[in-house]
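2 protein chains.
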Amino acid sequence: MASEKPILYSYFRSSCSWRVRIALALKGISYDLVPVNLIKDGGQQFSAEFKALNPMQQVPALKIDGITISQSLAIINYLEETHPNPRLLPQDPKKRAQVRMIADHIASGIQPLQNLSVLKQMGEKKMEWAQNCITSGFQALEQILQHTAGLYCVGDEVSVADLCLVPQVANAERFKVDMGPYPTITKINKALLELEAFKISHPSRQPDTPAELRA
Amino acid sequence: MASEKPILYSYFRSSCSWRVRIALALKGISYDLVPVNLIKDGGQQFSAEFKALNPMQQVPALKIDGITISQSLAIINYLEETHPNPRLLPQDPKKRAQVRMIADHIASGIQPLQNLSVLKQMGEKKMEWAQNCITSGFQALEQILQHTAGLYCVGDEVSVADLCLVPQVANAERFKVDMGPYPTITKINKALLELEAFKISHPSRQPDTPAELRA
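Residue numbers (my numbering), protein chains in the order written: chain A, 1 to 215; chain B, 216 to 430.
Keep in mind the hints are simulated off the structure, nothing from the lab. Worth double-checking, as some hints may not be accurate.
[Claimed, not checked] Distance condition first, Cα-Cα at most 25 Å in a straight line; then the derived PhoX-like pairs of lysine-lysine:
1) B:Lys341 <-> B:Lys310
2) B:Lys278 <-> A:Lys95
3) B:Lys341 <-> A:Lys126
4) A:Lys27 <-> A:Lys199
5) B:Lys340 <-> A:Lys187
6) A:Lys63 <-> B:Lys309
7) B:Lys402 <-> A:Lys51
8) B:Lys309 <-> A:Lys27
9) A:Lys125 <-> B:Lys340
10) A:Lys27 <-> B:Lys310
11) A:Lys120 <-> B:Lys340
12) A:Lys126 <-> B:Lys335
13) B:Lys309 <-> A:Lys51
Extracted from the complex, chain A is given alone in its bound form (with noise of 0.2 Å):
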């Protein structure tokens, strides 16, 4: 039972899937994806079927173990004390603490605010809407990782913080953010997309990736 693969339920261009699929990729861990289509058939993750799979009716779900779980973070957290090589949260507790305060900022602060079911609510001001999350809690970012940051958002080490902040700049690109004022952010985040596990796990080489976004 405990040899399954794990079974990934993501979307491609969910933002929280991505930060499951780059630690899955960092890990070595090898899995099946199903997809889960947000927006077909009103959104497949709203069917009975995926309800009780996972009743927070959210991508990501991860099956491993025996166990369903949700929550990105959550997810990403059980597989570091199941799979702890390589860690993806310093040794040093201050400095897990700065990388759970910018994951948590990015987590809770700015993508609950600009998701897909908080964006269907704002119909016209929907791209006003999302910009003013992402841009708001940019400002503060670029503010923290100007003292944390290394080669990536906290030393030189990837950790969970990256896992979150490269989807929030490519949803932040997508809802054309002008990234001007963000240097930190955007050298971070350039340094991190040249590695192979956030390749492989970009939204644009997913199985369930539309031919015309393919990269």
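Given the coordinates of chain A, assemble chain B onto it according to the supplied hints.
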């Protein structure tokens, strides 16, 4: 230096501040509280002084061991690692995953959508918006808890999930959400509110609680 008392920047009614106050109380960590009034003077969190301390311009923030941490779950995780007793995460990785899934569902999936800064932008629709966010989040939460709960959210030990649950239920009550459909949430909330750490950290008993709201 390490023996300096931690300073918690808190607002009596902030549900995220309450999460941290519960953790500090459970772990028996004494601290000084500096109130940050999120309403007065257009929001004291926007002052230059506070922004220098926490660029996210939010409470809670905790000054401890020479660093300042923001984001409630990052703070709680730091406390868990530096003051492990009593533990707020179960030993078993699968149960830890359940705890984090529930905590993140509240911290990323519910609270951010009904926090002060979002509601300010909703004008007349404020109440309805908050009710919808909480209702939809609680429907999923009720189902999850039916599988995981014992006395508390996950089994019979108080965990980080419980630190998120109680303040979120208080928000639900403030926004007059009908709790009828959520018997499991209601039962766990009631059991937790009997515990001393949840009582002394309650919004009705803070130094900055206005006289008319005091317990």
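Now the hints, each set against the structure:
{"no.": "1", "hint": "B:Lys341 <-> B:Lys310", "result": "36 Å, violated"}
{"no.": "2", "hint": "B:Lys278 <-> A:Lys95", "result": "15 Å, holds"}
{"no.": "3", "hint": "B:Lys341 <-> A:Lys126", "result": "17 Å, holds"}
{"no.": "4", "hint": "A:Lys27 <-> A:Lys199", "result": "14 Å, holds"}
{"no.": "5", "hint": "B:Lys340 <-> A:Lys187", "result": "40 Å, violated"}
{"no.": "6", "hint": "A:Lys63 <-> B:Lys309", "result": "12 Å, holds"}
{"no.": "7", "hint": "B:Lys402 <-> A:Lys51", "result": "24 Å, holds"}
{"no.": "8", "hint": "B:Lys309 <-> A:Lys27", "result": "19 Å, holds"}
{"no.": "9", "hint": "A:Lys125 <-> B:Lys340", "result": "15 Å, holds"}
{"no.": "10", "hint": "A:Lys27 <-> B:Lys310", "result": "22 Å, holds"}
{"no.": "11", "hint": "A:Lys120 <-> B:Lys340", "result": "16 Å, holds"}
{"no.": "12", "hint": "A:Lys126 <-> B:Lys335", "result": "17 Å, holds"}
{"no.": "13", "hint": "B:Lys309 <-> A:Lys51", "result": "20 Å, holds"}
Of the numbered hints stated above, those contradicted by the structure are hints 1, 5, listed in ascending order.
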